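Both chains are sitting in their own frames, so use the hints and assemble them into the complex.
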Amino acid sequence: MDKLTALSPCAGLLPLTIGATKVVEVEPGQMTSVAPYNGQLNKLSKAMKAAHGVEYPQANGLTREGDTQAVWFGHAQAMLVGPVVEAGLAKHAALTDQSDAWAVVALSGDAAENVLARLVPVDVRLAHFPVGMAVRTQLQHLSVSLVRVDEGTFQIMAFRSMAHTLVHDLKTAMEAVAARG
Amino acid sequence: MRITCPICGERDRREFYYKGHAVSLDRPAPDAGEEAWDNYVYLRENPAGETRDLWQHEGGCGAWIEVTRNTVTHEITATRLVSEAKS
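These protein sequence lines map, in sequence, to chains A and B.
For the first sequence, the positions run 1 to 181 when the working numbering is used.
For the second sequence, the positions run 1001 to 1087 when the working numbering is used.
One side only, chain A facing chain B, incomplete, derived with CB under 8 Å: (1) A59; (2) N60; (3) G74; (4) H75; (5) P121; (6) V135; (7) R136; (8) T137; (9) Q138; (10) S143.
Sample of chain B residues lacking proximity to chain A, with all beta carbon distances greater than 10 Å (derived): (11) H1021; (12) V1023; (13) P1028; (14) E1034; (15) A1036; (16) N1039; (17) A1048; (18) T1068; (19) R1069; (20) N1070; (21) T1071.
Think of the hints as simulated: they come from the structure by calculation, not from any bench.
Since the model is a prediction, treat every value here as computed from it, not as a measurement.
Here a beta-carbon is modelled for each residue, glycine too, at the ideal position from N, C-alpha and C.
One chain only, chain B, in its complex shape (with noise of 0.2 Å):
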């Protein structure tokens, strides 16, 4: 499995260091409620298909990238930098 870093070009999956799923990425506002804060810190879903991840380039540039992967096929469809997602 390789993973293209937008920073260092392609690499091998033994650099990257797997944190989950990229909903942390999507924090509800502190008084959005408790059953919105119930699904961000507990509920996953479970997709035969899309998913996005969040992965650490911890053996390369450190920067955190979210990768769009497809968990049936296993094919990587994109990587983008988490402090341009953020932006």
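So here's chain A without its partners, still in its complex pose (with noise of 0.2 Å):
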């Protein structure tokens, strides 16, 4: 057979650099998604901190440690981003490989806030979106799951098959806000 070459989600359609914008892909390794049984969550958060150093995240928000992301992703949902997870923790929450189901993009630069104000119904303001904060949101139609990493940087996780049209709404409005200069 022929060798077959993986292309990430974003491949040919990122970096992109438009005015004070930039959208880069991330890598995030291995995603895997936590849905915690009845009752097992405080068994859980420490068989993570035990196992990969970041507790399970509270509603809305994102534990972290070195390049290992909990991100909270939804009702009694998070996603592990990073390493690959620990098979002990199956005893304590229902687990899921996603990791080739989301195309992850970082939004940077200054206007990252004012580009995303023309997308998704959140007020992503830094007074009312600090660093650390993790919602589910959606970006135009894309049901997506947007956090603030640093006080510049926004991580976008969209469904993969939706890549183009991420990037697609993305360049657009990054275009309409550089056009008001």
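Structure representation (structure tokens):
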């Protein structure tokens, strides 16, 4: 069989710099959804801390240690990003490998908030959306996870099949913000 | 219109999917009889005033939410998770 070349979700689409904003693709490593069983949240959180250095995140929050993130991902669900998940966590939670299912990008720059303000129906200003906040919302019509990883950078995760749409929507908003000068 | 998700906080209406009256939280017992089941499946109130609906925070955390709202003033007076309403 021919040798196959793996392509990242945004291969050929990113990086993109327009005006005062930049989007780059993030290679997150393994992504595993962690859905705690009833009554197991505390045990799960301790086991995650022991195995990966991150506790189970609070609602709308994020825990991280080095390149490992535990991103709150909805009602009774978090996404462990980075390492291969410790199999023992399966005692406390349903684990699903979603590594190839998501496109992950980082949006940064002085106008990043203005770009997102055109796309998502949440207030992304620093006072309302501090570093370490992680929400599920919609970016135009896409269901996304949006995290402020540092003051000037947002991490956006969307379904891999929607990578072109994600980049197109970001590009359109970046151009519109840049055109205002 | 904005709805306060008990998990995510106040969000835009576009993130939510509307199901209908919260009657489906009060499913009759299997042997409750024809009249109770007829009411449950087919008959709905059309109140001018307070009503309870089910909404799903589809574009957010995914939770089902029971919303108490007023059909006359459009005021939303309460929201709670269906998982808590049932427990």
